[in-house]
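Q: Please model the entire structure based on the sequences and the hints provided.
Single-letter residue listing:
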Amino acid sequence: MIEPAGGAPLLTDKQPPQGTVTAGDGAHAASPAAPRPRRRPTDWRKRLEITLLAGPAILVFVSFVIFPVVLAGYYGFFRWKGFGPATDFVGFENYMIILQDSAFHDVLRHNGFILVLSLVLQGPIAIILALLLNQKIRGRSLIRVLIFVPYIISEVIVGIGWGLMLQTSGSVNGLLESVGLGALQKDWLSDPSIAIWSLMVIISWKYIGFAVILFLAGLQSIPDELFEAAAIDGASYWQIQRTITLPLLGPTVRIWAFLSIIGSLQLFDLVFIIWGQYVASTAGTSTMATYMVANGRTSGNFGYGSAVAVVMFLISLVIALIYQRYVLSRDTAGALTEGKK
Amino acid sequence: MTVLEAPTRQHKKRPPRDRQEWGSPATYFIAFVFIALCLGPVIYIILGGFRDNSQITNSPAGFPNPWNLDNYAEVLASSTFWQQVGNSAIAGIATTLGVVTLGLMASFILARYTFAGRGAMYSLFAAGLMFPMTVAITPLYILVRDLGLMNSLAGVILPQIAFGLPVTIIILVPFLKAIPDEIEEAASIDGTSRLGFFFRMVVPLSLPGVVTTGILAFVASWNSYLLPLFILSDQASYTLPLGVQAFASQYSVDTAKVLAFTSLSMIPALIFFTLFERRIVGGLTGAVKG
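As they're listed, the protein sequences go chains D and X.
First residue of the first sequence? That's -6 in the numbering used here, and the numbers climb one at a time after it.
First residue of the second sequence? That's 323 in the numbering used here, and the numbers climb one at a time after it.
For the record, the hints were derived by calculation from the structure and aren't laboratory data.
Take these hints with a grain of salt, some might be off.
To be verified - Output of the computed footprint for chain D on chain X, the stretches with three or more beta carbons under 8 Å from beta carbons of chain D:
1. 354 to 360
2. 363 to 370
3. 373 to 385
4. 407 to 415
5. 471 to 484
6. 588 to 594
Virtual Cβ for every residue (Gly too), placed ideally from N, Cα, C.
A: The structure is reproduced here in structure tokens:
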């Protein structure tokens, strides 16, 4: 079976044997400066081909990804109910309101809490599980499928299922009762001191399989020779893990952390489905995205909602850029910063 | 020349820490506990559909006793369920075709043409990776509404194609780069134009990568919630995630039926995933490695 991007691309005699092919430096950069064979397409023809093949993708991408973000920037300066042209220009008033709204401060705190705890809870557990599962054990491929199941199920199903399990008369409390731990029964979803922890459990349950699978793939790309050499030198299992595996797993962990951070900042579906748009703030689980929807579209304040979107966008952008600059810079080799180098 | 063997996966090799063939019991135990935790809630949903409401009220965490097939039968007999399956399937298939077609064409340009602005074009798409739909949803809703696509699946499909392009391109570009220049030169000597090379050589050679990205796009579309929530307000246009949620709030007292509806709606994604698990995992890790 031909596998796509998982492994190193085939190295032909023309391509230098780089470990990673940095995305963006074309196949032709690798070929020597010798002229290409006959029938080289004329310039206008090449331009036509580029337009024809790349044009549709750029058009769709710009219209539905870039343009809306720009549009949000524009509407964010207006008090606008979403109908007719936006005329009530209010300057930075929306932004002032957002920054002074204590409900927004709450969602920032919740997002920050979720971000940090996702990294702290999922990261170490996933690394340990990946190390364990990377050993040669029976049924490893079956295990790989099964731990990925929560990730593949939609947020709606996860939200409804966990919501039913965690409600006061749900199966979690029922289970505690039946094993004699009735004293531990809690109001898992509405008690503000517990709800966000319940959310963390659900998030971890849903996404940890992804981390494990990612780390397993990272582990399997570490060359065997390193382990063999270390074993010959008399290194113990844990010494090998600490000095070889973990450092070499670094790039995978850093990419996972990046995805996890972005995901935490954008969290919407699970909260919205389990807590709805109004309960989330009293239960202490509201996020920037639920705040945006509740105060934007639901209440018909599209100008304000757009301003919230811009704030979210800027927060994500700044965090992403800082992360790339200081954490990812050593291993992405231009995967995301290509062209800015 | 081993031209047709395109990129093969290297990490098939296994680490050498397998002194005992079976591994230690502790490993199995931890793996078992972890899997039980992963599957527990899923099994709860599936089994719950086989119970009735009085069973669920009396013993929230019990097993079906007796097994009750009515809930599943009722859901399967309802036209609403099948209509939502149909809508989800249309949205998923159209999104997949769109993402794959546009993504493959653009990736071909990015991988095999040299021109000013190529780096900028790549950055443009790569930047899209950082910003999921959530940030753009409010203006996206306005845009779709102004285009007159509210309550139509096209209003969901077009943005999904746009937001699926970054991942597709990030996965496909290295894949297309790995097609050796010699093939292109040989095609050129045989009188094939570059477009001919694209359709006759690149499309078939990149099929594995295309399948991966296609599956990712389909599963993402099948599970997508936020965009349909904004765009589709008419019951007849609901996709499954919206339908499941509407069903859950409409029949909130009928827990067993909600569980049956929920478990039926996850079956397609699960089957799809089981069939293509290797490709999905390979694609995700490929995407992450850039």
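Q: None of the hints should be skipped; say for each whether it holds.
A: Right, here's what the structure says about each hint:
1. 354 to 360: Answer holds; 4 residues pass the 8 Å Cβ test.
2. 363 to 370: Our answer is that it holds, as 5 residues pass the Cβ test (under 8 Å) against chain D, meeting three.
3. 373 to 385: Result for this restraint: holds, n = 5.
4. 407 to 415: The restraint on the stretch 407 to 415 of chain X is violated, since only 0 of its residues have a Cβ under 8 Å from chain D and three are required.
5. 471 to 484: Holds: 4 residues of the stretch 471 to 484 of chain X have a Cβ under 8 Å from chain D.
6. 588 to 594: Our answer is that it holds, as 3 residues pass the Cβ test (under 8 Å) against chain D, meeting three.
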